[in-house]
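Could you slot chain B onto chain A? The hints should help.
From first to last, the protein sequence lines stand for chains A and B. The first sequence runs 14 to 259 under our numbering. The second sequence runs 3 to 77 under our numbering.
Read the hints as simulated data drawn from the structure, not as lab findings. Glycine residues also receive a C-beta, built at the ideal position from the N, C-alpha and C atoms. Each hint should be verified, as a subset may be incorrect.
[What the hints assert, rightly or not] With the Cβ distance kept under 7 Å, some of the chain B side facing chain A (calculated, not the full set): (1) 17; (2) 19; (3) 37.
[To be verified] Calculated cross-link-like contacts (lysine to aspartate or glutamate; reagent style DMTMM-like; alpha-carbon spacing at most 20 Å): (4) 60/B to 32/B; (5) 137/A to 33/B; (6) 142/A to 19/B; (7) 92/A to 20/B; (8) 142/A to 35/B.
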Amino acid sequence: MISFSKEDVIIVTGASSGLGEGTALLLNQLGATVVGIARNKERLNKMKEKCKNPENMHIEIKDLTENIETLPDYVKELKNKYGKFRGLAYCAGIVEVKPLQILDLSAMKKIFDINYFAPIFMAKGFADKRNNTGKGASAVFISSIAGLQSDKGMITYSGSKAGLAASIKSIAREQAAKGIRFNCVSPSDVITSMTSGILGLKETKANLYPMGFGEVSDVSNMIVYLLSDKAKWITTQNYVIDCGYM
Amino acid sequence: MKKEEFLLGLEDVLQREEAVKENDILDDYDEWDSLSKMAVMAYYDKNFGVKITLNQMKDIHLVKDLINLAGDNIQ
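Isolated chain B, as found in the complex:
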């Protein structure tokens, strides 16, 4: 998946009205709550076959952290 496509996908999962940018801090988003985290976990499982654990999720604070977690799945 291209990075741009992922950022749009994340915007949709988080139901954000403004665009999600690569350098954004997730912790600053109102949308970044526990349900959204679960939604992101499901998104990774569905699109990348990557199962994020709750422990891993605790260390996700930036959009970049999420991109790193996807590894080669995001170019």
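The following block holds chain A by itself, in its conformation from the complex:
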């Protein structure tokens, strides 16, 4: 049984919806202190209303793409407020389906900002040993099976998620000597508020999932496991959670 104590302070980004929300709620339920970050105050508050231990659920309003280079300072500020971090779950991200004909660079950069650059700079802040609890600290990032097996219209999204998984592996190797673990999870189609915006997803892909589409908890359970000491020998990995889709 995985459990945390309230001294285990864990950052969850994208905490107001989807995988981030599910992860924040589960960690909180298992006893961890959660610092949930998202842009939307209202939705963050709604998430907080659902949690089991409100005294150990803190929310922070922040657009992570606003000034990416200063994210390590932001992590330091949070550390001064909440204490050193035992974990980071980076669940913020956006998806956009856009074929080559209509690609534009500024839109691509926006996706890379939140899906690639921001997680790397959050990792930089988290890996700073002045901000984490040292050996046993663990970070998990949401990549995607799109980063491993790309589909039509996923040029930018796939690139950002493949890049993230590759870079997290490098970071994991750099940090391994300190006992800090970095892993990715790569889900396929999990029904969240983000993916339900993809036109025709349910209709076109339903027959590819013999056990149905994924649920948030199918992924958040894995994230929480990787954050816990049960996974103390696991680092540099990228776990596919796709019901055999690939």
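Frame of chain A; chain B shown alone:
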């Protein structure tokens, strides 16, 4: 760059919790590993336009060695 500013910068590059002092021995720092050495090389390149070679790095054992390497860039 003032020496005090450099020492703070070095503290940040090495991610040290205690202050870096001018008379400290780098070789005694836990943080003084190969990745940190590369980070210091990048710091010199970015802030001073000084490219430290790996051979030069082998002879760096003290904070003072680093200060000397920066020449006039640190007052």
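query: Under the criterion that the straight-line Cα-Cα distance not exceed 20 Å, is the pair residue 92/A, residue 20/B satisfied?
result: Holds. Residue 92/A to residue 20/B sits at ~17 Å (cutoff 20 Å).
query: Can the restraint linking residue 60/B and residue 32/B be considered satisfied, given a maximum Cα separation of 20 Å?
result: Holds - the C-alpha atoms of residue 32/B and residue 60/B are around 17 Å apart, at most 20 Å.
query: At a threshold of 7 Å, is the proposed contact between residue 19/B and chain A supported by beta-carbon distances?
result: holds (5 Å)
query: When the nearest CB of chain A is found for residue 37/B, is that gap smaller than 7 Å?
result: With Cβ-Cβ at 6 Å, under 7 Å, it holds.
- prompt: Should the interface hint for residue 17/B be scored as holding, given a Cβ-Cβ cut-off of 7 Å against chain A?
  reply: holds (5 Å)
query: residue 142/A and residue 35/B: Cα distance at most 20 Å?
result: Satisfied, since the Cα-Cα distance of roughly 14 Å is no more than 20 Å.
query: Quick one, are residue 137/A and residue 33/B close enough, alpha carbons at most 20 Å?
result: holds (16 Å)
- prompt: If you draw a straight line from the CA of residue 142/A to the CA of residue 19/B, is it 20 Å or shorter?
  reply: holds (8 Å)
Checked against the numbered hints above, the structure violates none of them.
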